[in-house]
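S.K.: Model the full assembly from the supplied sequences, consistent with the hints where possible.
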Amino acid sequence: MTNENLIQYIYGIADNSLILGQRISELCGHGPTLETDIAMTNMALDLLGQTRSYYQYVAELSSKDITEDDVAFLRTEREYKNVLLVEQPNTDFAYIIVRQYFFDVFHFMLLKELENSKNVNFQAIAKKSLKEVSYHKRFSGDWLKRLGDGTEESKQKAQKAVDDLWVYTDELFHMTDHDKKVAEAGYGVDVTIFKTAYYETITALLKEATLNIPDVKYFQKGGKNGIHTEHMGFILSDMQYMQRTYPDMKW
Amino acid sequence: MTNENLIQYIYGIADNSLILGQRISELCGHGPTLETDIAMTNMALDLLGQTRSYYQYVAELSSKDITEDDVAFLRTEREYKNVLLVEQPNTDFAYIIVRQYFFDVFHFMLLKELENSKNVNFQAIAKKSLKEVSYHKRFSGDWLKRLGDGTEESKQKAQKAVDDLWVYTDELFHMTDHDKKVAEAGYGVDVTIFKTAYYETITALLKEATLNIPDVKYFQKGGKNGIHTEHMGFILSDMQYMQRTYPDMKW
Amino acid sequence: MENMKEKEQMKSLEDIFEAKIARDEKIEPKDWMPEKYRKTHIRQISQHAHSEIVGMLPEGNWITRAPSLRRKVALLAKVQDEAGHGLYLYSACETLGISREELYHQLHSGKAKYSSIFNYPTLTWADIGAIGWLVDGAAIINQVPLCSTSFGPYARAMVRVCKEESFHQRQGYEIMMTLCNGTQEQKDMAQDALNRWWWPSLMMLGPTDDESTHTEQSMKWKLKRKTNDELRQQFIDQTVPQADILGLKVPDEDLKYNNETGHYDFGEIDWEEFWQVVKGHGMCNKERISARKNAWDKGEWVRDAAIAYADKQTEKEVKEAV
Amino acid sequence: MENMKEKEQMKSLEDIFEAKIARDEKIEPKDWMPEKYRKTHIRQISQHAHSEIVGMLPEGNWITRAPSLRRKVALLAKVQDEAGHGLYLYSACETLGISREELYHQLHSGKAKYSSIFNYPTLTWADIGAIGWLVDGAAIINQVPLCSTSFGPYARAMVRVCKEESFHQRQGYEIMMTLCNGTQEQKDMAQDALNRWWWPSLMMLGPTDDESTHTEQSMKWKLKRKTNDELRQQFIDQTVPQADILGLKVPDEDLKYNNETGHYDFGEIDWEEFWQVVKGHGMCNKERISARKNAWDKGEWVRDAAIAYADKQTEKEVKEAV
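Residue numbers (the numbering used here), protein chains in the order written: chain A, 1 to 251; chain B, 1 to 251; chain C, 1 to 322; chain D, 1 to 322.
Among chain A residues calculated to face chain C with C-beta under 7 Å, some are:
#, residue
1, C28
2, G29
3, H30
4, D37
5, I38
6, T41
7, A44
8, G150
9, S154
10, D238
11, M249
Taking lysine-lysine and the DSBU-like style, the derived pairs with C-alpha atoms no more than 30 Å apart in a straight line are:
#, chain 1, residue 1, chain 2, residue 2
12, A, K160, D, K298
13, B, K221, C, K187
14, B, K127, B, K112
15, B, K160, D, K298
Okay, the calculated bits of chain B under chain D, using three or more residues with CB under 8 Å as the criterion:
#, segment
16, 30-38
17, 150-158
18, 240-247
Derived from the structure by calculation, the hints contain no laboratory data. Keep in mind that this is a model prediction, so the values were computed, not measured. Don't be surprised by glycine CBs; every beta carbon is placed ideally from N, CA and C.
M.R.: This is the structure we're talking about:
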C-alpha cells in the first residue's frame, strides 16, 4: 500500500462528506420548517467537520506542502472521488431525505468497520463520527417513514425519490484498486462484507414506510473513478469560486 | 475625457450585452418551441458578437497587454457595469420576453444615437448592431403582444413580469461620471434625451398588449456602479470557471 | 354596579401589573397583562424573530462559496444559530397566544416587518465579515438592554441570543482582520464592504428620536432603556476605533472625534433611503420575502405528511392499548 | 372481382414505386408509397430529429462555461445548428402525415429512440472538442449516404445537415488541436475526453451486422448503403491517423494497422454497455428526457398564448373585412 493508495482511499470516503455537506448547505434557510432547517444544517456541519479531519490527514500524507483547503478546493472535477448519490440535486424534500438515508446507513456501517482500522487516524475519526452519523441515520430514517406513511402526496413523492435514487446505491459497494490495497493492509474497509446487511436494513425501513422496493437490475456508477454526473461541474464552480479567483490568499 | 473614462463607458454598454447574452444562453435547448429556441440563440449570438467588438476595443485602449477574454472573464463582480435588468433570472418565458423587450427598446435607441458618435469604432459597431437589435426588438415586442393578449394565464404571467421588471428600467437612463464625460466629448450618448421616447414606446406596446402600466415611484439601481443583485455572483462563478481554474492558457 | 366592579377589578389588575414592572419582576405568560402590552410584545418579538429568519438569507448566500472549510463551517454554524434564535423568539411570541402559522402569514403578506438591513445584497466574501462586525454589532447594542426587559420569555430568550451574537460579532471582526492583513485585493474588498454596510448599519438603530413612535411607553415596559440616537452614538463610538485598528476608512467625511463631548460627530444619514427600504423598495425586499414564502409553501406537503404520520401513530397506540 | 382489381391496382402502384427507386428518382410526400416504407421513414427520420434535439443538451451544458468568447459563440452557433437540423427533420417527417406533437409525445414517453451517445455526460471542456471530432465524425459517416436516399424531403434535409456537420467536425478537431498544443493539463484533458468518448463513438455506427435488423430492406430503399461494420471500419480508419496527429492515444490495446487488409484491427466492443444505454440505463437517459419533457410542458402556456393571439388577430381581420 503506497501513500497514494491511502490518499485515494481517503478521497473515496471524505469527498462523499464534502459534496453531501455542500449539497445540504444549499438548503440552509429554505427548509419546510425551522426545526428541519436546524437539523439539516447540523448534518452539514458534522459532514464538513469530518471532511476536515480526513483532508488534514491527506495534507500530512502528501509529499507536497498543502492544506486541507487545497485538497477541498483545488482539485479538478475528475479528481473528486465521491459516489454519484451524494451529488444528486435537492429536487424536493423527498429526494433530500432519501439521498440522506441511503447514504447514512452506508456511512454508519462503514464507520463501524473503520473504527477497527489498524490506522489510528481512521480509528479516531470513525469513533467521533459514529455518534454524529447515528443521529443522521435516525433523522433521515424517521423522516422517510413520515413521508412514506404520511399523506397520499408524500407517499408518491417518497416513492419517486426512492425509485430514482435506488440506482445509485450499488456504487457505494464498488471498490477501486486503491480501496482494495488499503483494505488488504488492514487500514481500509472491505465494504462488500456489509452489502447484504445494508440492503436488508434499507429494505426493512422502506417496508415500514409502506414503500415499494424498486426492481432494478442496472445501477449507475462512475463517481468513484471521477466520472460524475453533469451536476458536479456546477457544484464545483460555486464551491471553488473564491479559491480559484483569489489564489494563494489566507481567509 | 481619459482612456479610463472611455473604457468605463464601454463597460456600461458592453457588459449589458455580455450578461444578457449569458442569461439567454442558459436557455439554449430548453425553450417552449424549437423556433423560439433558435431565435433566442440568435439574439445571444448577436449580443455576444457585439460584446466581442467592444471588448476588443477596450483591449486596444488598455495600457495593459490584455485580450477580449481578459475583459470578459477576469474582472471581479464589482467591476462589471451592467444594469440590474439584464442579470435578472429566467423565471419563466414571460420574464425572459419582458426583460428582453425592456432592454431591446433602450438598446435600439442607444445605438441610433451611437451611430452618430465622433468615434469611428462606436459608429461601426452601432451600425452593424442596429440591424440585429431592430430584429430583437421586433421579436420580443411581438411575443409580448402574444403573451399579453393571448390567454388569461399568459396575460397574468406577462403582467407579473412587467410589474416585477419595471423597477429596473429607470437605471438604463442613469449616467455615471464616466458616461457624462464621454458624452460631452461627443463620443458617447446622453441617454436622458430619449428617456421620454423610451417610456412612450414601451407604454404604447404594453397598451396594445392589453397590459397595465405599473404605477411605480421608486426604482432599483446599482449595477452601473458595480452593485449588483445576488444573482450576479452565480452568473460569474459559472462564466469565469474555466478562465479562473486554468489561468493563462489558450483555448 | 356590575360595570363599576369590573372597572375596579381592572384597575387593581393594572396596579399589580405596573407594580411588578416597577419592582423589576418579570411578567409571565399566565399573568394578567394589558391588551396593549400583549399586542406591542407580539409585534416586537415577532419582528425580531422574522429578522433572524430573513437574516439567514443574505449570509446563506455565501455558504456554498465560502473561501475555506473553516470559514464555511463557521458561517453555517452562524446561520444555524440565527435559525435557533428565530425558534426561541417565535416560541416566546407564541406564549402570548398567537400561532406560528399566523406569524409566518404576517411576514409573508408584508403585514409584519423585519430589520431592513437584510434587504441589502451580499456581494463579496467581505460582506460576511462586515455583517458580523457591523450588523451584529448594532444588533447587540439594540438587544443587550432587552435581557432585562419586563416580559419574562422575551428577556430569557435575549440572554441566550446576546451571548451568541457577541460571538458572531467577534467572528465577523476576525474575518475583516484577516482580509486587512491580506493582499491589496483583500483589503480593497474589506473597504468596499465597509463602504456599503456602514450607513445601513447606522440606520439599524432606528429613526431619529423625533421621528420615533412608541418610545415613552416602551421605556416604561423596559422594552427600551435608551433612545435611538443614544444607541447610535454608542455604536459609532465603539465601532470607529475598531475600523482604525483594521486600517479602514469609515465612509463619512464629517466623522470626527469631538474632544468636548467625548463622542464622535458624524454626517447626515440618508433617511429617504431608510424609509424607502422599510416601505419595500430595497434591492432585495421582494427576493427575501419570496424566498421565505417559497420555502414555506413548498414545505406544506412535508408538514402535512408529518402530521398525518403522527396521527396514524397515535391511532395505532390507542388501538393497541384497547 | 372487385378485390382482384384492387390487388392489381396495388401491384401496379408498387411497381411504379419500385421502378422509381431503382431509377434513383425521389419519392415525394404526395406519391403513393407502401405503408411499411412510410412507417420505416417516420421511425428513422424522427429518431434522427430527436437525436439532434437531445444532442443539444450535453453540449448546451458547457455554453455558460465556455473558456473564451470565441468558443462560446462557436458553441452556441453549433447547438443552434442542431436545433435547425431538428427543425428540417421534423418537417420532413411531418410530410409523412404525423404531427410534431405526436413526434414529441413519442420521444417523451420513451416510445421513440434517439442516439444513445447523448446519454453520456460532458464532464470537461475537452468533451466539447471530442464530441465535435468523434461524435459528429461518426454521424457524418452514418449520414452522408442519406443525401441520396430515396425519400426526397429526407435526402434534401440531409444535404444541408451534412454540410454543417462537417463544419462542426472540423471545429471539434480544432478544439482538440488547441488543447494538444497547450499545457500538460490541457493535453491530459484531451486524452481523458478521447478515452471516454472513443468506445461510445464506435457504438454509434450501430450493432454488428449479425445483430442488426432491417438492413436488407433499408439497403433496397437506399436508407443504407453499407453495413454497420463497414461504416465502423471506415470511421476507425479515418480517425486513428487524426488521433496520431494530435499526439493522443486511442484507448484500445488491440488497435493495430493491418498491412494485409489495409485497415485497422481493433478490440472488442462492450455491447453489454451499448444495450444497457439503449434500454435507458445510461448515466443521463432520465435527465435528457426529463429536460426535454420539462421544456415542452413548461412551454405549453406559451404555445397556447400564441395560438389564442393568432386567432384573435384573424377574427379582427375578418371583422374589419366585413
